[in-house]
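J.: Fit chain C to the given chain A structure using the hints.
These protein sequences, in sequence, are chains A and C.
For what it's worth, the working numbering labels the leading residue of the first sequence as 1, then goes sequentially.
For what it's worth, the working numbering labels the leading residue of the second sequence as 1001, then goes sequentially.
It is possible that some hints are incorrect.
Stated by the list, open to error - DSS-like cross-link-like pairs, simulated, lysine-lysine; straight-line CA separation at most 30 Å:
1) C:K1272 <-> C:K1074
2) C:K1074 <-> C:K1276
3) C:K1200 <-> A:K59
4) C:K1276 <-> C:K1054
5) A:K39 <-> C:K1074
6) C:K1049 <-> C:K1272
7) C:K1272 <-> C:K1054
8) C:K1054 <-> C:K1074
9) A:K39 <-> C:K1200
As the list claims (entries may be wrong) - Covered by chain C, per the in silico footprint, the following chain A stretches (three or more residues, Cβ under 8 Å):
10) 109-122
11) 406-420
As the list claims (entries may be wrong) - Calculated Cβ distances over 10 Å to all of chain A for the following chain C residues:
12) D1035
13) L1119
14) A1140
15) D1152
16) T1191
17) G1209
18) F1244
19) K1272
20) G1275
21) A1331
22) I1341
Calculated from the structure, these hints are not laboratory results.
Since this is a predicted model, take the numbers as computed values, not measurements.
Ideal Cβ placement from N, Cα and C applies to all residues, glycine included.
Below are the chains, spelled out letter by letter.
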Amino acid sequence: MSTKRLSALLPSPGLLALALIPLGFLTLFYFYPLFEIFKLSLFPGGRFAADGLRPLLEKTYYLRVLWFTIWQATVSTLGALALGLPAAYIFARYRFPGKSLFRALTTLPFVMPTVVVATAFTALLGPRGVLNEALMQAFGLDAPPIALQGTIWIILLAHIFYNTSVIIRMVGGFWANLDPRLGAAAATLGAGPWARFRHITAPLLLPAIIAASLLVFLFNFTSFGVILILGGPGFATLEVEIYRSAVRLFNLPVAAVLALVQMAFTLTLMAIYTRLQARLTTRLDFRPGEHTQKWPRTLGERIYVYGVLAILGVFLLSPLAALVWRSFSLGGEFGIQHYQNLFVNRTGSIFFVTPIEAVRNSLGFAAVTVLFSLLIGVSSAYLLAGNDRRKRGCLSSILDPIFMLPLGTSAVTLGFGYIVALDEPPLNLRTSLLIIPIAHTLIAFPFVLRALLPILRGMNPNLREAASSLGASPRRVLRHVDLPILARALVVGVIFAFTISMGEFGATLLISRPQFPTLPVAIYRFLGQPGLSNYGQALALSVILLLTTAVGFLAIENLRYGDIGEF
Amino acid sequence: MKKLTLPFILILLALFVISCSRAAPPESLTLVTHDSFDVSADVLQQFEKETGIKIELLKSGDAGEMLNTLILSKENPLGDVVYGIDNTFLSRAGDADLFVPYESPLLEDIPDALEMDRLHRLLPVDFGYVTLNYDVAWFAENGLEPPIDFKDLIEEPYRDLTVVENPASSSPGLAFLLATIGRFGIEGDYTYEDYWRDLKANGVMVADGWNEAYWGAFTVGSGGEGDRPIVVSYATSPVAEVYFNELDEPPTRSVNTPGNSFTQIEFVGILKGTGKENAARLLVDFLLSPTFQEDIPLHMFVYPANSTADAGELFEQWAEIPRDPVTVDPAQIAAHRETWIETWTDIMLR
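Isolated chain A (complex conformation) (with noise of 0.2 Å):
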């Protein structure tokens, strides 16, 4: 073999440096902590925890934990996806009034804490909720016909409210790239819209599409919250029965299996993904969203596209609706009594903290999270986008799957991970305030690289080359070819990561350092205490998070840089 046939296979030295910045930080904060809490729970003292393994072989519980896992998750992801995909595509297409609004709108259920999303469910669909007393007053009922509560269907529910956004904005951006042309195009030539969208827009949506549904699958095969706090203590995924494992039976070792299972599911899913993507990628010229956009014209159009404003109102909207009307009303009075109450430290606490100093604490976290995770996310897309167009590359059919697993693993095992691995400098980081960014980046530069990568691989190669052979240095071609088209992307990952550190998504069981309250640390200490003005309170704090968040959406949508225009 000669050596330029060995340099071909091996990877460029450029190559290894962009390598070491995703792989630094998953070796230091993800499997570095991981090895050392699964050696603990099961070789505690060296000898295997065989023990303590009993309850797993024993009991077929665990079996039916597993496949309820999945399920969930499975018609959950359909769920999102039936909801979403419509309304990706009037996002991605068309223009209408107050659409960044919108778009902000629906994507703050994900920022929502889950008691405060099932105070609102409850409020809207409970037993004395606005649905029930209106069907029972219609209909002179004596008892309230939908119960949900502690239903599978509520958990169904919750998870679409969570989750349909990432649709929205995954597969929507994209699609605002692709040429409408194209379709154009196979109009003339005689294909109906239904041909079109089979044989043109579906499969170069497809990568799009699997890599946002992968992402919400996981966020549902992990979902703790929903699970305990909306479908009550009947339901276990295994997420919910690690935690119990760990924190409430003391059973490590069992914690540990359940924690492998769950990364096994998410690996092997993974490398389904990476092989099906492969085959996937169609080399496309992708335009700037701002020239494949319209407003809706005719009746059909406008029927559609504002029939799905309506029921995404419907599902995502009032929720958050009843929150703000809740914020106002609880306790009989209408008023801002319990916005005004946040700015009173009655009992002369010490964890007291104005509105103000939770935003700006929860606001720093964020920003800190997004920095992380464009570093992280950006240079882990290159690499694998880099390495798949050298076509012998094997690197990212084994990286891709290692990127994605943060996502499908136990926080808490993670967090328990940090507590016994991160204790001595030069990594004394377990009572640190950069450990919350950082077990924040975890979950959110996944969504920089799942953002970016369909674009990145679907890119014209031509494009650059044309570019470089007119004379422009690697920087200008990154400036004036990538980003313009990557923009987009980029936005919707940085939105992600923002959000994710806002709601303090996967945060469980760190240790927390009270002089630096978040919003939602502060509005679980006010839930912590019996008396309707703290829970009044709370939803005031949750009506702020809201406010905080979708400021910092258009506030991120709005960006401008140079002559890109809108992103």
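T.: Okay, now just chain C, sitting in the frame of chain A:
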């Protein structure tokens, strides 16, 4: 885009790193607590002023999560003093050998009944009672007598009225399960298992934790959207209702009849390997002193352990101390916790 925000973010990042790594002053102690811990700012400052010792607070989940964290970090402790291990975890904490003994002079003022660790590794700091709470107005409107006994809950008139917490995930839930175990026993004609089967047959609702039960299902807490007028909570919850809502009288009452409540005692202890044992002792003394103890009631809504500390007017008026609470030996709890929770789960959920 990155260029624009990068300097701003880098500054933020630098600030964060600085605030994380800033070296603590030589005399400082880390107090590890559960999430429910609370104290007046000026009370803590008083300690810092008197002793020159600065207090760093760390919160580590609920009592169970905190104990786990402490056990996992045993080799390299998270802090110096721990607040909030309770009697349901006492044995486990003792077995894990996490604390150094300290016979504080203030133990003199603490009733013997609260002192459960004869080795003085864990010192009682506060206590409360888990018991049933009910919605006063609901029972008046519906012409039903409020419940006065666990056994009422399994009677027909009380069908679908009660919400309890899951003992596998909530500490009042576990306390309530222990109360039924202490009350009905684990063997005989009618055991706690029979009681729970009857409760289930009578439509008891199980919520995951106190938050979900009180705010989600209890008629008072949810502001009218829940439909359960009976909830498992604390004997002192009515005081919190009066205090936070500035009411003349609470919308709820607790059940205080003999044999229908469970005492929860919380402890403080000095962590092994602290290296600052003398300072840690000063802090423990302070936590047991009337200054801190009198601050407890209206912050954590439990009773001070120190009998010279005054719980205050509101407590006197609205928190009736339950008579003859049920007790279960901590060693029994440690030995059977897993089986009891599993049995309960099998009866109620699977």
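J.: All the hints need checking, so say for each whether the structure fits it.
T.: Taking the hints in turn, this is what the structure says about them:
| no. | hint | result |
| --- | --- | --- |
| 1 | C:K1272 <-> C:K1074 | holds, 8 Å |
| 2 | C:K1074 <-> C:K1276 | holds, 16 Å |
| 3 | C:K1200 <-> A:K59 | holds, 23 Å |
| 4 | C:K1276 <-> C:K1054 | holds, 13 Å |
| 5 | A:K39 <-> C:K1074 | holds, 16 Å |
| 6 | C:K1049 <-> C:K1272 | holds, 26 Å |
| 7 | C:K1272 <-> C:K1054 | holds, 20 Å |
| 8 | C:K1054 <-> C:K1074 | holds, 23 Å |
| 9 | A:K39 <-> C:K1200 | violated, 41 Å |
| 10 | 109-122 | holds (count 4) |
| 11 | 406-420 | holds (count 3) |
| 12 | D1035 | violated, 7 Å |
| 13 | L1119 | holds, 22 Å |
| 14 | A1140 | holds, 18 Å |
| 15 | D1152 | holds, 22 Å |
| 16 | T1191 | holds, 21 Å |
| 17 | G1209 | violated, 8 Å |
| 18 | F1244 | violated, 3 Å |
| 19 | K1272 | holds, 15 Å |
| 20 | G1275 | holds, 15 Å |
| 21 | A1331 | holds, 16 Å |
| 22 | I1341 | violated, 7 Å |
In summary, the structure is inconsistent with hints 9, 12, 17, 18, 22 from the numbered list given earlier, while agreeing with the others.
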